[in-house]
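Protein chains: 2
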Amino acid sequence: MAEAIGLGLAARGRSAPNPNVGCVIVSDGEIVGRGATQPGGRPHAEAVALAEAGARSKGATLFTSLEPCAHDSERGPACSDLMVEAAPARVIVALQDPDPRTAGQGIERLKAAGITVDVGCGAAAAAESMAGYLTRMTFGRPRITLKLALSIDGKIAMPSGTSKWISGEDARAHVHLERAHTDMILVGRGTYLADAPRLDVRLPGLEDWSPRRALLTRGDAVDGWETLHSPQDVYRLHDVNDLLVEGGSATATAFLAEDLVDRILIYRAPIIVGEGKSSFGYVGLEGIADAHGRWRAGDGRALGVDRLEVYERVRES
Amino acid sequence: MAEAIGLGLAARGRSAPNPNVGCVIVSDGEIVGRGATQPGGRPHAEAVALAEAGARSKGATLFTSLEPCAHDSERGPACSDLMVEAAPARVIVALQDPDPRTAGQGIERLKAAGITVDVGCGAAAAAESMAGYLTRMTFGRPRITLKLALSIDGKIAMPSGTSKWISGEDARAHVHLERAHTDMILVGRGTYLADAPRLDVRLPGLEDWSPRRALLTRGDAVDGWETLHSPQDVYRLHDVNDLLVEGGSATATAFLAEDLVDRILIYRAPIIVGEGKSSFGYVGLEGIADAHGRWRAGDGRALGVDRLEVYERVRES
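Each protein sequence line maps, in turn, to chains E and Z. Quick note, the first sequence lines up with residues 1 to 317 if you use our numbering. Quick note, the second sequence lines up with residues 1 to 317 if you use our numbering.
These are calculated hints, taken from the structure and not from any lab test. Fair warning: there could be bad hints in the mix.
[What the hints assert, rightly or not] Calculated cross-link-like contacts (lysine to any residue; reagent style SDA-like; alpha-carbon spacing at most 20 Å): (1) Lys147/Z - Ser249/E; (2) Lys164/E - Lys147/Z; (3) Lys277/E - Tyr192/Z; (4) Lys147/Z - Leu303/Z; (5) Lys164/Z - Lys164/E; (6) Lys164/Z - Ala131/Z; (7) Lys58/Z - Glu74/Z; (8) Lys164/Z - Arg294/E; (9) Lys277/E - Leu303/Z; (10) Lys164/E - Gly293/Z; (11) Lys277/E - Gly287/Z; (12) Lys277/Z - Ser249/E; (13) Lys164/E - Tyr282/Z; (14) Lys277/Z - Lys164/E.
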């Protein structure tokens, strides 16, 4: 299952509107088929793995990070039907699909065909790997990640606005990797005008993974950029699993004030800026007590001299 | 040697003006004497360990984290003379003492008496354990540690000034431990007036370890508090190895602007404050490039939901 989840993880940022699923088929102790959701969402992971395994699927064990879909589409047959046809002996599913068109029906279809189905193996890791899709299914909007490069004292720039560079090369390379694994990047109009950012992925081999670009502005649309007029417009993004908000301060503050941030990535440089531009403005706090209990520190790691801090919003889902 | 350094570490904050040395004597594979510098600096670690070992010192191996002193004092005889009298076969010294009254003469005196002496075992750990004393010997002032409780976005308080509490109980207990292991704590007049802080050690068993208190102020002295009129007055603190600067922002900024901070302890709470009081004001930077290369991130650790970040000033000594 770890292998299946890993295949799915590698497809993050290219599978939307579909989930980034991974699938592995094992026959006689050997992996005979591997698949992940393909760019744009089709073919599905299971279809890819079954095609690779061919006749060896029969009697095999199939691992998939998400329940196979139960609905036909103009883009292809339902994976649960493909599986019934391929006749593996056993299917191990990490997570049930919350999509109401499937939601347990895929599993039922396999069981009805006499296939043994186990659900729940690796569920937590699978949920983390598909957090964007699951957020969209639960809240009707993408998972929103806010990224900032900050000094020890939480500044994003000098008083002049200069922010090149707070963080070092390793941290910036990591940002490009995050971009590759998101479906859309958003900046505010101020950042757009000041920096004209390309927001593309500048990592060897991943140049084609540059995500869609969006601008938060009350003004006119800009060529090559999608437009959000307010943070609430994320509820209109039905084909985006993961949205990365890259700045600047006013945009970040607007998303935080509307409680529309699920994850924060801080690239913390070991520098003190002192007088400079703060990360955020007023985010709606009445007092310090209000600030507590909202964020949980996740795994951090060193990136050159900088450190990546990850914070996850604590929510009842 | 690790045991000797550990004994010395436990004496940090009480040995000034003397170094916090640790000493262990081993005879026939058994520890027969242990010592650390006693409160106020006397007796020395070696004298304590030799007194415990008594006649068993003869022919034994003695580990000490700092070269034994070579100068008599009205407060006791030189440790190197005590050692010659006790006649261990071998003395293992982590670091040579930079005090010009010793500076290799303690080692020479042992060698002249026919004792085998090895220098350098555990030198880095010993230097870290006595960083305050070594800073004073090198720069003529205490090692200065700046402590702050900060939010993710580097704020120290709400716009109203309220800062109770940014960090949690575990972090606050750690602050009290740091206080116990410092010789003097300093705050600015603003913090003194606003908070009337006790700055004492509120940890069971360490209540007597509360350090001296100092106020940074251009105004009058306050009863029970020593006075520094400017950060440069640290060069007058000849009997302080470790100085802990606890705030507020103006005081911290003044020390940073004069490059008089050697170590920063950030207790980082997983909260976002947004609009609020920044950690520091203008610290003298011309641009972001100036800010780099000054601080090295040391070992961090989780303290409850908070995280301790340690930064050390990179200096040529």
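Restraint status (C-alpha distance of Lys164/E to Gly293/Z at most 20 Å): 15 Å, holds
Is Lys277/E close enough to Tyr192/Z, meaning Cα to Cα at most 20 Å? 28 Å, violated
Distance restraint between Lys164/E and Lys147/Z, which requires alpha-carbon spacing of 20 Å or less: 28 Å, violated
Please work out if Lys164/E and Tyr282/Z have their alpha carbons no farther apart than 20 Å. Given pair Lys164/E, Tyr282/Z holds - Cα atoms ~19 Å apart, limit 20 Å.
Are the Cα positions of Lys147/Z and Ser249/E separated by 20 Å at most? With a Cα-Cα distance of about 27 Å, the restraint between Lys147/Z and Ser249/E is violated, given a limit of 20 Å.
Does the alpha-carbon distance linking Lys164/Z and Ala131/Z stay inside the 20 Å limit? The hint is violated at about 31 Å.
Straight-line Cα separation of Lys147/Z and Leu303/Z no greater than 20 Å? 15 Å, holds
Need the status of pair Lys164/Z, Lys164/E: alpha-carbon distance at most 20 Å? 34 Å, violated
Lys277/E paired with Gly287/Z [C-alpha distance capped at 20 Å]: Given pair Lys277/E, Gly287/Z holds - Cα atoms ~13 Å apart, limit 20 Å.
Hint consistency between Lys277/Z and Lys164/E [alpha-carbon to alpha-carbon, up to 20 Å]: With Cα atoms ~24 Å apart, Lys277/Z and Lys164/E exceed 20 Å; violated.
Given the hint that Lys58/Z pairs with Glu74/Z, does the C-alpha gap stay at or below 20 Å? 26 Å, violated
Starting from Lys277/E, check that the Cα of Leu303/Z is at most 20 Å away, please. 29 Å, violated
The structure does not agree with the numbered hints 1, 2, 3, 5, 6, 7, 9, 14 stated previously, though it agrees with the rest.
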